[in-house]
Every structure is written in C-alpha cells, then in structure tokens.
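Listed below are the residues making up each chain.
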Amino acid sequence: MSLETLVRRIATQVRWRRAEHYAVRGLFYGALAGVLLLALKFFLGPWALTAAGISVVVGLLAGAAWGATKRVPLADAARLADRHYGLQDRVTTALEWSARADRTSMVDSLVADATARVAALAPRQVIERQWPREARWLPLPLLGVLVLLVTPPIPLPSGRLLDLSPSSESEETRDRPEAGTLEQEKRPLPRTAVKTPSFEERDYMQRGMTGAGATAGDLSAVFKDTSLANQRPDFNSFLKKGDERLKMLEQVDRLPDLQSDFTASQYKMVFKKSKALTGGLRPDQISPQKLKELLEEMERLGRKGGGNVGSEVSEGMEALEYGQQDRALDAMEKALNKLRAMEEQQRSGKNLRGGRESERGRGSDRDRGRSGGGGADDQDFGEGEGLLPGKGKSPNPKGEASQRLRASPYDVGVEGESRQGRKDGYDTNMTGRSGKMPSRLGYLGVIGQYRKQMEDTLAREQVPRDFHGQIRDYFQSLDER
Amino acid sequence: MTQDARVQEFVTSFNALRSEVEKVIVGHREIITHVLFGMFAGGHVLLEGVPGLGKTLLIKTLAEGLELKFSRIQFTPDLMPADIIGTNIIVEDAEGRKHFQFQYGPIFANILLADEINRATPKTQSALLEGMQEGSVTVGGASRPLPPPFFVLATQNPIEMEGTYPLPEAQLDRFLFKLRVRYPALEELNAIIDRTTHATSASVHRVMSGPNVMSFRELIREVPVATHVRDLASMIVMATHPEWDRSPEPARRFVRYGASPRGAQALILGAKVRALAEGRYNVSVDDLKTLAAPALRHRIILNFEGEAEAVDIDALIHDIVQSAETLVGQAKEPFLR
Numbered sequence: 000m001s002l003e004t005l006v007r008r009i010a011t012q013v014r015w016r017r018a019e020h021y022a023v024r025g026l027f028y029g030a031l032a033g034v035l036l037l038a039l040k041f042f043l044g045p046w047a048l049t050a051a052g053i054s055v056v057v058g059l060l061a062g063a064a065w066g067a068t069k070r071v072p073l074a075d076a077a078r079l080a081d082r083h084y085g086l087q088d089r090v091t092t093a094l095e096w097s098a099r100a101d102r103t104s105m106v107d108s109l110v111a112d113a114t115a116r117v118a119a120l121a122p123r124q125v126i127e128r129q130w131p132r133e134a135r136w137l138p139l140p141l142l143g144v145l146v147l148l149v150t151p152p153i154p155l156p157s158g159r160l161l162d163l164s165p166s167s168e169s170e171e172t173r174d175r176p177e178a179g180t181l182e183q184e185k186r187p188l189p190r191t192a193v194k195t196p197s198f199e200e201r202d203y204m205q206r207g208m209t210g211a212g213a214t215a216g217d218l219s220a221v222f223k224d225t226s227l228a229n230q231r232p233d234f235n236s237f238l239k240k241g242d243e244r245l246k247m248l249e250q251v252d253r254l255p256d257l258q259s260d261f262t263a264s265q266y267k268m269v270f271k272k273s274k275a276l277t278g279g280l281r282p283d284q285i286s287p288q289k290l291k292e293l294l295e296e297m298e299r300l301g302r303k304g305g306g307n308v309g310s311e312v313s314e315g316m317e318a319l320e321y322g323q324q325d326r327a328l329d330a331m332e333k334a335l336n337k338l339r340a341m342e343e344q345q346r347s348g349k350n351l352r353g354g355r356e357s358e359r360g361r362g363s364d365r366d367r368g369r370s371g372g373g374g375a376d377d378q379d380f381g382e383g384e385g386l387l388p389g390k391g392k393s394p395n396p397k398g399e400a401s402q403r404l405r406a407s408p409y410d411v412g413v414e415g416e417s418r419q420g421r422k423d424g425y426d427t428n429m430t431g432r433s434g435k436m437p438s439r440l441g442y443l444g445v446i447g448q449y450r451k452q453m454e455d456t457l458a459r460e461q462v463p464r465d466f467h468g469q470i471r472d473y474f475q476s477l478d479e480r
Numbered sequence: 000m001t002q003d004a005r006v007q008e009f010v011t012s013f014n015a016l017r018s019e020v021e022k023v024i025v026g027h028r029e030i031i032t033h034v035l036f037g038m039f040a041g042g043h044v045l046l047e048g049v050p051g052l053g054k055t056l057l058i059k060t061l062a063e064g065l066e067l068k069f070s071r072i073q074f075t076p077d078l079m080p081a082d083i084i085g086t087n088i089i090v091e092d093a094e095g096r097k098h099f100q101f102q103y104g105p106i107f108a109n110i111l112l113a114d115e116i117n118r119a120t121p122k123t124q125s126a127l128l129e130g131m132q133e134g135s136v137t138v139g140g141a142s143r144p145l146p147p148p149f150f151v152l153a154t155q156n157p158i159e160m161e162g163t164y165p166l167p168e169a170q171l172d173r174f175l176f177k178l179r180v181r182y183p184a185l186e187e188l189n190a191i192i193d194r195t196t197h198a199t200s201a202s203v204h205r206v207m208s209g210p211n212v213m214s215f216r217e218l219i220r221e222v223p224v225a226t227h228v229r230d231l232a233s234m235i236v237m238a239t240h241p242e243w244d245r246s247p248e249p250a251r252r253f254v255r256y257g258a259s260p261r262g263a264q265a266l267i268l269g270a271k272v273r274a275l276a277e278g279r280y281n282v283s284v285d286d287l288k289t290l291a292a293p294a295l296r297h298r299i300i301l302n303f304e305g306e307a308e309a310v311d312i313d314a315l316i317h318d319i320v321q322s323a324e325t326l327v328g329q330a331k332e333p334f335l336r
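So the protein sequences, as listed, match chains A and B.
Mapping the first sequence onto numbering that gives the first Met the number 0, position 37 (from 1) lands on 36, and the numbers just tick up by one.
Mapping the second sequence onto numbering that gives the first Met the number 0, position 208 (from 1) lands on 207, and the numbers just tick up by one.
Keep in mind the hints are simulated off the structure, nothing from the lab.
We put the beta carbon where it would ideally sit given N, CA and C, even for glycine.
Possibly wrong hints are sitting among the right ones.
As the list claims (entries may be wrong) - Using C-beta positions, here's what the derived DEER-type ranges look like:
id	chain 1	residue 1	chain 2	residue 2	range
1	A	Ala-111	B	Asp-230	48 to 56 Å
2	B	Arg-28	A	Ala-111	26 to 34 Å
3	A	Ala-98	B	Gly-209	31 to 39 Å
4	B	Lys-122	A	Ala-111	51 to 59 Å
5	B	Arg-229	A	Ala-121	28 to 36 Å
6	B	Arg-181	A	Thr-68	30 to 38 Å
7	B	Arg-229	A	Val-146	39 to 47 Å
8	B	Thr-199	A	Ala-98	18 to 26 Å
9	B	Lys-122	A	Ala-119	38 to 46 Å
10	B	Glu-217	A	Arg-70	38 to 46 Å
11	A	Ala-111	B	Ser-233	24 to 32 Å
12	B	Thr-199	A	Pro-122	39 to 47 Å
13	B	Thr-120	A	Ala-119	25 to 33 Å
14	B	Arg-28	A	Arg-99	45 to 53 Å
To be verified - Looking from chain B toward chain A, a few residues come up when the C-beta cut is under 7 Å (computed):
id	residue
15	Gln-2
16	Gly-48
17	Ser-214
18	Glu-217
19	Glu-221
20	Pro-223
21	Ser-283
To be verified - Calculated from the model, a selection of chain A residues having no Cβ within reach of chain B, i.e. all distances over 10 Å:
id	residue
22	Val-106
23	Leu-328
24	Tyr-473
In isolation and in its complexed conformation, chain B is listed as follows (with noise of 0.2 Å):
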C-alpha cells in the first residue's frame, strides 16, 4: 500500500469512527476530534466539566466504535491502587497446593475510562502513572505490560466542586490533552433531548481494530516538520516559563511552573494527528495553535496572584503563541528585516 493510500485510509477511518460517535453525542464536535486526536497520537486525554455534560458517555460510545478491550472504574474515595492494578492472591490448584496468582485489575485493557478520577485520593490516582507513561505495571516485583493500544480517557469535574481531590502535576502532565466539556447550545440541547428521550437508540458500529489503531500511530510520526514550525513549538512551551528571559509579560506575572518538554511533545504529536486528519502531509503553524491550549492548559501552573485573579487559562496560552510567533519572526514581513 502507498503512502497515499494509507494517509487516505487513516482520514477516511477518522473520520467514519468520528461520525460514529456522533450518532450518539450532539454537539461536542471538537471535542470529539481532540479525543480522537490524542488517541492516534499514542496519549491520553483529560476531560473536565461539570457533571451531566456526556464525558462518560462519549468515552463509551467511542469504545464501542473500537474493536478494542474497554475497562471502566469509577474512582471513589475508598477506591485503592489494587483495585485498579490488581494484587497477587493466594490459590490452591487441584493438588491442594497454595501459591500466589496475579488477579489483573481492570488496568488490563486497551481502553480505561477513569471516571471522576480526582474523587480518588492522589494516593490511588497515582496508581495510573507507570501504566500511562511506561505501559505497563509492577505489581509484587513483576512488570506486566498492559495491552496496545492502552489509551486513558478520564474525567474529572472541576476542583471547584465538593469532595474532590486535585490531581497531582506530574499525574496532570502525562495526559496528552486537557478537553474542557462545556455546556451544549439551544440546538444541541434540543437535540440532546429528542435522541435521548426515545424508545430507540442510535447504534455504534466498530469502525476500527487494535492493530488499525497502532498502525495509524506509526504513520503520524512519519508526518513531516518544517523547522521554522518545530522551532515555535519549542518557543510557545519556553514562553510559558516565567523565569525565561524572554517569556512575555503575563506568563511572567501569573504562571509558577511552565509546561514541561511533555508539552513541546504533546504539541507536535498533536498536531502531526490533525495534520494528518485533514489529509495534510506536513504540520502548519495553525495546528501549533489550535492545538495549543489543549496540550498546555493543564501543564502550566498558575502562581498565587494568576489563581487570585482567576486568568483564564486559555487567554493567557493565546497570549503566550502570540509572543511566541513575534519571537520567531512569523508575524513580521521578512523583507523588512
């Protein structure tokens, strides 16, 4: 098969497991397409709203659509690491001898929604971060792999609300993506209410296997980058670095910790996907921005005066790729330098 023809056999995949979702989710269409995104990427999505607004059912719908092992926990206070990773425990085979057995917990899957997972306290919710970043989990000495593709979609509300915990920075930063759900328009609401409300319900089909999944995150990362826009990239994540000298005004005023080199990554691994998507071969700056705040919002950690002024996230990584782009020389005509 052609490079051509795989490139058009992933859009074409895409775009049918994204239409397939949307038989059951209303509205949410970029939200949809960033949980896509950060799948084919090979990382794992965060998804933050209050509760009702349809994160755990896009989650599931998304898994039927996949041929793939799906696996929910629902995180509770009293939720343990065992519960998630497993434990040995003690058997006895048909000789009457005892000895240990691996029980897998529900970790063991290719698709792990972690619903409400800072309900969990940080002690549990990092049960999750060998498997995240290392793809697999020590339990009792022994390294076992969890399954590829191993994709985490999880959901948390916001820390605003009663009995929650945060989750911690270093749990934060190995999510690919941060999606923030809001709420549906007038439209979407109405139609939220006619398929939900009736006696028949859309059914998903499996568009997509395990293997499909895998081969397409080996043709993302062949998508070429050209310098200048690896080099904005590198630029935006240092801008968001208030001890840099040359970050702009506001990251310097509000931010205590810039995104880490995950973010430079989570940028153009993104942005290879989007690419890709809209049958591109190469990355283009405008995938750097879109895909900005979604890759950065969760790694940068506002200092004291940027959480008693409530900045808005969002704004100030605009700000930031605007500073980033003038650093670079993109938003200035070259003839005049």
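The shape of chain A in the complex, shown without the other chains (with noise of 0.2 Å):
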C-alpha cells in the first residue's frame, strides 16, 4: 500500500463516518418536521402522514448526502493517518516534502521509510464514529412520529379568544347565566349590600375618663393621658385618640421641644439665652423688644424660685423705656447673678455636687456664702486654709475637688506673655471670674511642691527631651517673681 492509497483510503473513512454524522442529524430534525405535520393532521388530512414521511427520509438522506460530498483535505487524512496508525508525522512530511522542489536526500530517505512502514500496515477502520449532539434526542421526534401517527387527529381549539378586557355590569349579568354552578356559587353579593368602614361614622365622643386633666390645647395632656390602658378596647376611642395626636403633630409650634436638654437649669437656659442675645453686639443693637422679654422671664424664675430680681428687672424696665439700653443690660447682668446664686443655694440645699456652697457651708461661713447674693465668689479663705492639701477645714486630706472644666458657664483661661530678664520666662494671668478673685494658695508654699512634682513628672512621663530645659526654665522664672 503506498503512501497516496493509505491517505485515500482513510479519507473513504471521514467521508462515510460524515455521511453517518450528519445522516443523524438530518434524521433529527426531519423527525421534528415529521412531529408537527402530524399535530396539523386535522388540517391537512391523509396528507400528513405522506408529508411526514417525505421529511424524515430526506432528512436522513440529506444529511448523509452532505456528510459524503464534503471535500476531505488530503493533508488532514495523512494526518490521521499518522495519527491512528502511530506514524509520527511520516506520511505528513513525506507527501508535503515530496512535492517540494528544495527536497534534500533525507526527504527520499523519509519516503522510503515512510513507504516501508505503510505497507507493513494492515488495512482497518480506523476513523472512529463520531455521533452528533442530536443523537441523543432523537428518539423523542422518533417517537413523537410513531404516536401521533397512531392517535386521531388533535382538534385544535376554534372561535374567539377570550375577552380579557374590562366589561361593564350588564355584560357581566348577561353572561352569567351561562357560567357553570361553580361560579353561581362564587358569585360576589351585590356591592349595596357591603358595608364599608366610613370615618364619617366614627365616634368623636370623649370619654369622661380620658379628660382627666385634658383641656382643649393641652398638648402635654394628651400625651400623659394613660388612662386607655386601664379601660376596655375601644376602637373607635383609639381612632379618635390617634386622629387627635395626629392633628398635633402639624401644628409644630406648639409641640413640645423633645430635643432640648431638660437637664439644665432654667436658670442656665436664661444665661444662654442671655449670651445669645448680648454675644458680639454693641447695647444698642440689641433688641429691645427681647431685651425685654428676656427681663420678664428672668422675673418670672425669680418668684418661682423664691429669689427676689424684682428690682432689677423693674430697673431694667425702667432702662429700656427711657432707651438707656446699657443700664438694662447692667441690669440684667445683675438680676443674673441673683439668679445663679439662688440655684447655688437649691443645689446645696440637695446636697448635690458641684454646688458651691455643698462643702463650705458646713462651717461659719455658711452665713456669708448667703449674704449679698453674689458673696460665694467674694468670699476668701485664710491663710493656711482653703483648698490647699492637707489644710483647710476641709475632710478631705487631698484636699477639694476642683470645678470640672467648662462645668461653669464662665471660661476660665489663662493668658501670657514673654518676659525678658535673667531668663527668659512668661508672665501669666488668668481670664474669665476666675482672674479676678483673690489666689487661695499661697504663692511660695506651693511652687516648690509643683516643681518636685515637675520634676517627677519629667523622669517619669515621656515628655519630650527637647522640651525639658523649656519646662525647667518656666519653673525658675516662677521662682524669679
């Protein structure tokens, strides 16, 4: 068998595994053909059957027919050749090197080669049947064909569609009648005879109950009612109950102001308003109009909280009609701190911290902290007493608690500048109320405590080193002064 045979013969064995490949395929979809004449046998009659039977065969024979009639490339047989027969590209080479003009001697010695082992070879098929993805569903047309050939003809369903759009009530009650009982019984009364929810029909009676404490407008009233939940369930009660709650809700302006801190005294909300009314504005910026009002709401803590501004609220009164907008705000200032004192002295009175006069009006200058409305910042301790540690009349050995910063709505800062002398230095003060009373320690019985404790505080906290000489510089200026 020389090289040329071999490759015809192995291209016969693609043509005809081809012509079975496709032969399947054609038979597939000419069964799918077959399968739907035959469901249109009621229309087509006798004819069906023959026209189903035309597209199976030709199918088949169509598709078998395409499968050998396509061309096979002689270099793609020769490679399946080499393939199937284990030749290692011998033939391949030989049959595409033989035909070269630039052959060199080991081409003929390729051929030779390659001939000997052809001719060694005994024929077989060796092109494997390669079945198409349709073969595996084509018993289902197949089967499809045999059924409906057997079964009558399927009448396929005449007449209108169904009419899906909206009808009108008499075309309802007209074709009723010729619905089945089933839809007799489900047939939905007539809509007169449901009885639908009205809010008109609510009852906006009010309970006698429920108004306890409750007038027309009070809001808070309404929201402190609980009475609903000792009662029976009464629906429309709640309806009504809601509704009314509701209705509140739209008139903003008088509900209450949920979001405001309820934890502050009024007398700190009065300094707010004061500062937001005073802050950045000269006396005759301010409006006196709320300069006023601001007056008459400070009077108004003042008879609630027992206190007497009375007369300087009458001054600022007085001030403001006669346009004196300064002298108002003196005396608002004033009747201020009136007003911080006397809830100084309610807080003392609840033994609360941070009352100022909680600690020291145990002793005899409980008298003095009272006097002059203002006098708990005038007073002054003596020497040796006070706030130092370990002194003072006070229990406690470490000494009092210091104010909690910012605790008070007066800042307290400190303030400086550089001083040039033997040392450079800085000269400190303090600002806010704090800078104008009188120091209670005394000045040279502490600074060498605070500098053994800067010290300590140096070997001990990681403070910068570049910063310790600035630290110690400060510290012997304070001794300089």
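From the two separate chains plus the hints, produce the assembled complex.
Shown next as structure tokens:
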C-alpha cells in the first residue's frame, strides 16, 4: 500500500463517518418536522402522513449526502493516518516534502521509510464514529412521529379568544347565566349590601375618664393620658386619640421641644438666652423687645425660685423705656447674678456635687455665702486654709475637688506673654471670673511642691527631651517672681 | 556514504556516547539525552540543580567521551571577564623588544564548563555572550574565533540559594536548553553509592571527535519539518506572549515576557536532533511536546503574580502547548471541521 493509497482510504473512511454523522442530524430535524406535520393532521388530512414520512426520509438522506460530499483535504487525511497508525507525522511530512523543490536527500530516505512502514500496515477502520449531540434526543421526535401516527387528529381550539378586557356590569349579568354552577356559587354579593367602614361614622365623643386634666389645646395632657390602658378596648376611641395626636403633630409650633436639654437648669437656659442676645453686639444693637422679654422671664424665674430679682428687672424695664440699653443690660447682669446665687443655694440644699455652698456652708462661712446674692464669689480663705492639700477645714485630706472644666458657664483661661530678664520667662494671668478672684493658695508655699512634681513628671512621663529645658526655665522664672 | 548510513552512524554514535556517560552518571538519562541534544543542535545547555547532584561530573564525563579540548571555569564573585576571555599582556622577545601578546582565556576550548555560573556577577556572566552567540570573542579590538565545535555547559544553583546572581535574560536566551537536575531515586542513589565508594572507578572511552560532531550538526539540519509541525512550534512560542490575542489565560495572567524567536529555533533544532537520534527522518509533534519545557522554561519570564503564586513554569508550558495544539487544529478530528 502506497502513501497515496493510505491517505485515500483514510479520506473514504472520513466521508463515511461524516455521512453517518450528518445523517443522524438530518434524521433528527426531519423527525421534528414530521411531528409538526402530524400535529396538523386535523387540517392536512391524509397528506400529513405522507408529508411526515417524506420529511423524515429527506432529512436522513440530505444529511448523509452532505456529509459524504464534504471535501476532505489530503493533508488532514494524512495527519489522521499518522495519528491513528502511530507514524509520527511520517506520512504528512513525506507527502508534503516529496512535492517540494528544495527537497534534500534525507527526504528520499523519509519517503522510503514512510512507504515501507505503510506497506507493513494492515488496512482497518481507524476513524471512529462520532455521534452528533442531536443523537441523544433522536428517540423523542421519532417516538412522537409514531404516536401521532396512531392517534386521531388533534382538534385545535376554534372561535374567538377570551375577552380579557374590562366589561360593564350589564355584560356580567348577561354572561352569568351561561357560566357553570360553580361560578354561581362564587358570585359576589351585590355591592350595595357591603358595608364599608367610613371615617364619618367614628365616634368623636370624648370619654369622661380620658379627659382627666385634659383640656382643649393642652398637648402635654394628651400625651400624658394613659387612662386608655385601664379601659376596655375601644377601637373608635383609639382612632380618635390617634387622630388628635396626628392633628397636633401638624401644629409644629405647639409641639413640646423634645430635643432641648431638660437636664440643664432654668438659670442656665436664661443665661444662654442672654448670651445669645448680647453675644458680639453693642448695647444699641440689641433688640429692646427681646431684652424686655428676657427680663420678664427672669422675673418669672425669680418668683418661682423664691428669689427676688424684681428690683433689677424693674430697673431694666425702666431703662428700656428711656432707651438706655446699657443700663438695662447692667440690670440684666445683676439679675443673672442673683439667679445664679439662688440656684447655687438650691443645689447646696439638695447635696448635689458642684454646688459651691455644699461643702463650704458647714462652717461659719455659711452666712457669708448667703449674704449679698453674689457673695459666694467674693469670699476668701485665710492663710493656711482653703483648698491646699492637708490644710483647711475640709475633712478631705487631698483637698477640695476642683470644678470640672467648663462646668461653669464662666470660661476660665490663661493668657500670658514672654518676659525678658536674666532668663527668659513667661508672665501668665488668668482670664474670666477666676482672674478676678484672689488666689486661694500661698504662692511661695506651693511653688516648691510644684517644682518637685514637675521633676517627677519629667522623670516618669514621656516628655520630649527637647522640652525639658524649657519647662525647667519656666519654673525657674516663677521662682524669680 | 548514503544518507541512511550517515543517519545510522549518528544513531550509533549518539547511543554510544550516552552509554559512556551513563557508566559514570547514574540515572539522569533524560538529562544526559537532552545535553547531547543540545550539543548536536549546536547550542549551549544550562543545568540547574542544588549542589551534589552530579552536574559537574556529568559534563566532565561527557568531555571525556569526546576528543575535544575541555576547559572548566569555576565562577566566583570576584571573577573578571578577562579571566574568562583572556587579555593582552606585555612580553619581551629575545631581542629585548616589548610587545603585546594575547593570553588566551579558558573560553578558547571546545567544551567549556561554566561551573556555578550564577555565582559570578552579571558583568562576568556577560563575558560569555559574544562567544556563545557568535563563536568568537573580541579583545583589544581584535576578534578571535573560538575553535569549533564550541559548546558551553553551565551549571547553576537555584536562584533562591545564598550568594547567587540571577543570569541576565540576554544570557539565558543564549542557552538552547535549560535542564533541571532532580534528586535521584532510591535505586539510583544505591547505585551511586556502589559506584563511587569502591576502589575502582569506571573509565570512559572516547567515542566521538570534533569533526564528527560538526558533521552530525550539518546532518541534523537536513531533517525535514512538516508545515503543521512548524506551525505548532510557532504557535507555542506565540502563545507564551501575554499580549498575543490568542494566548491562553495562564500566559496572560502569569507571564511578563514570552519566549523569543530563539525559542522557536531551539524547539525545532532540538526536535530535529531527537527525531534523528530515534532513527526518524522527520520531526513529529511529539518531539515538540517533549522539548517544549527545556527549550522554553528559561525564556518565559513570570510577572509578579506568577512569582507570588509560585507558578510552576513547566506546568505553564504544558498548558501553553495544549492551547497551541487546539489553535492549530491538532486536537480535533478534521472531519468535524
């Protein structure tokens, strides 16, 4: 067997396999068409059987013909021969190079070698059958054809399609008798018989018990009303309460201010208002009306708290009448001081922390603290008394607890400037109200302790080394004062 | 002598040389075979492996089996290019006149063993570039040809080891094959112990001369390659390039630089030697598949992701070859096309 003969045989095998492959595909699609034709047997009549048979046969034959007549390149056939006979591309290379002009003497050896090997081969079927994907589903259309052959024609539904468009009531009543009995059972009741709930039917009469303390327009009373819990369930009442609350929610200006800080004292609120009124403005820029309202509120607070700020308020009102706003502001300031003293006194009475009189008032200074309204700020301690640790009359050996930072509305700060001297230093002064108060600590008595604490802190804490000298210089400058 | 006789002579000589080497080297048959492929293809071979696996011994034994001048350079960090190539020195003749005379370096040999090549600096490693590619070296403006056949066998330790310098890509590309020497199996290890710890050692006979080698190199180039085999070689090399639109996903993901055209040349030349060594007159697809890894593994540079995920370059090449086969229609029965 020569190389060409081998390749031609392989090509023939390929054609046969192709014919099988495409015949199965054609049969599948022909059978599908046959199923369709037999499904229309009702209309096509006896012609449907003939047409279905023809489609199956034509599909089969057309597929086989297509596969058999498809061209097989000889190079592909040679490669198939090499692969399936284990010739390691000898046939392909020999056929290709034998036709080339630049062939070398080794090509002759190659051709001879390939021919000898091919001659020793026994002809056999080497191309394997390859089924198409459609082969898996082929039984289904074939079975469909057989079933439809023996079954009677399928009548297709005729007449108009169901009208799914919205119909009038008269059409419903006209079609209803034609419907089955089941439909009659499911027929809905006449619309007029259905009683739909209406908001107009609600009972808006107020119950006797729910009105305990509740008057028209009193919002807090409505929200505090818990009497519903003690009553029987009454849906109308519930609806009514809900409606009332919804109406109130629409009246924004009457809603309680739920976001404000009720933990703050009334005095602090007044103080904040005064700050907001006077902040950053000259006396002539302040609204007299708002100032008047604020003074009135102070008077109200004073009356409620038992204090007497009436004189200051009257003075302020009088000043406002004469257009003396600065005088009115002074009066407001005095009234504020009185109110603050009044609150301090109240806090001390309740043993609340932070009250300035809470600890101090135990001694003989109690009377001093009460006198003069703002007298608590004016009191002083004697030498060796007060807040110095281990001294004074306080039973607390570590001294009095200091005020929390910014616990008071009066801001406290430190200002200073550098001082040129033998050594550079800083002069510092306290600002705010604390700056006006006399020092409660003996300067020379504590500076030594402070310097010692400074040295301990420098040794213990992670203070940057570059700042050590600066800190020591500062304390040295304090010594030189 | 007919072509068949020449081919038979090559097959005989090839097998004889391999047998001589195998007298000393236990196992590593594939490594020995590939080293011989590289030598007959006219290329240079790089052997990589941890110390103690017999790389140097393999090359020394091969040199003993050939009637060729053998030279060995132990690469060290302080080795200089002049130590390899040679240099001009001033000599004084009998009449007292001084003149420059070229002192030949160890590169002027037929078989050069560059032992632990990656222990020298890249500057010194690059001294071999011209010799490996051009077969000549230039010193002091004068080009001096190297004696044919010139064959560099280099060994290197894995780059993960201490005191190593990675070979430059240009240097790597000049090696036809890069072979990985692996640990011997248990039986091979027993045989190594038996052979190397006895008083007598195996003697290696010379079975091939330099002209023989050159003659076989010419013969090998006559081996024909079918178009579809050549196309597959080109497709394999192209598929190593991540920017190629038909390259497979692993190459796109893990490769920074693909193989150069030298890779395709190495693939075909190595396949030709393999075919002829098996007594075959043509290159087959199997030849390409077998030699794809040795010819391409040092020419594919992984990207960061590939390095980070420790991608096995041989597995990557296997994927690339499969993808290339699909591209040229090797993997599909033709009658379905």
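Consistency of the hints with the structure:
no. : hint                               : verdict
1   : Ala-111/A to Asp-230/B: 48 to 56 Å : violated (26 Å)
2   : Arg-28/B to Ala-111/A: 26 to 34 Å  : holds (31 Å)
3   : Ala-98/A to Gly-209/B: 31 to 39 Å  : holds (38 Å)
4   : Lys-122/B to Ala-111/A: 51 to 59 Å : holds (54 Å)
5   : Arg-229/B to Ala-121/A: 28 to 36 Å : holds (31 Å)
6   : Arg-181/B to Thr-68/A: 30 to 38 Å  : violated (55 Å)
7   : Arg-229/B to Val-146/A: 39 to 47 Å : violated (57 Å)
8   : Thr-199/B to Ala-98/A: 18 to 26 Å  : violated (58 Å)
9   : Lys-122/B to Ala-119/A: 38 to 46 Å : violated (59 Å)
10  : Glu-217/B to Arg-70/A: 38 to 46 Å  : holds (41 Å)
11  : Ala-111/A to Ser-233/B: 24 to 32 Å : holds (29 Å)
12  : Thr-199/B to Pro-122/A: 39 to 47 Å : violated (57 Å)
13  : Thr-120/B to Ala-119/A: 25 to 33 Å : violated (59 Å)
14  : Arg-28/B to Arg-99/A: 45 to 53 Å   : violated (36 Å)
15  : Gln-2                              : holds (5 Å)
16  : Gly-48                             : violated (31 Å)
17  : Ser-214                            : violated (14 Å)
18  : Glu-217                            : violated (11 Å)
19  : Glu-221                            : holds (4 Å)
20  : Pro-223                            : holds (5 Å)
21  : Ser-283                            : holds (4 Å)
22  : Val-106                            : violated (5 Å)
23  : Leu-328                            : holds (74 Å)
24  : Tyr-473                            : holds (56 Å)
Hints 1, 6, 7, 8, 9, 12, 13, 14, 16, 17, 18, 22 from the earlier list are contradicted by this structure; the remaining hints agree with it.
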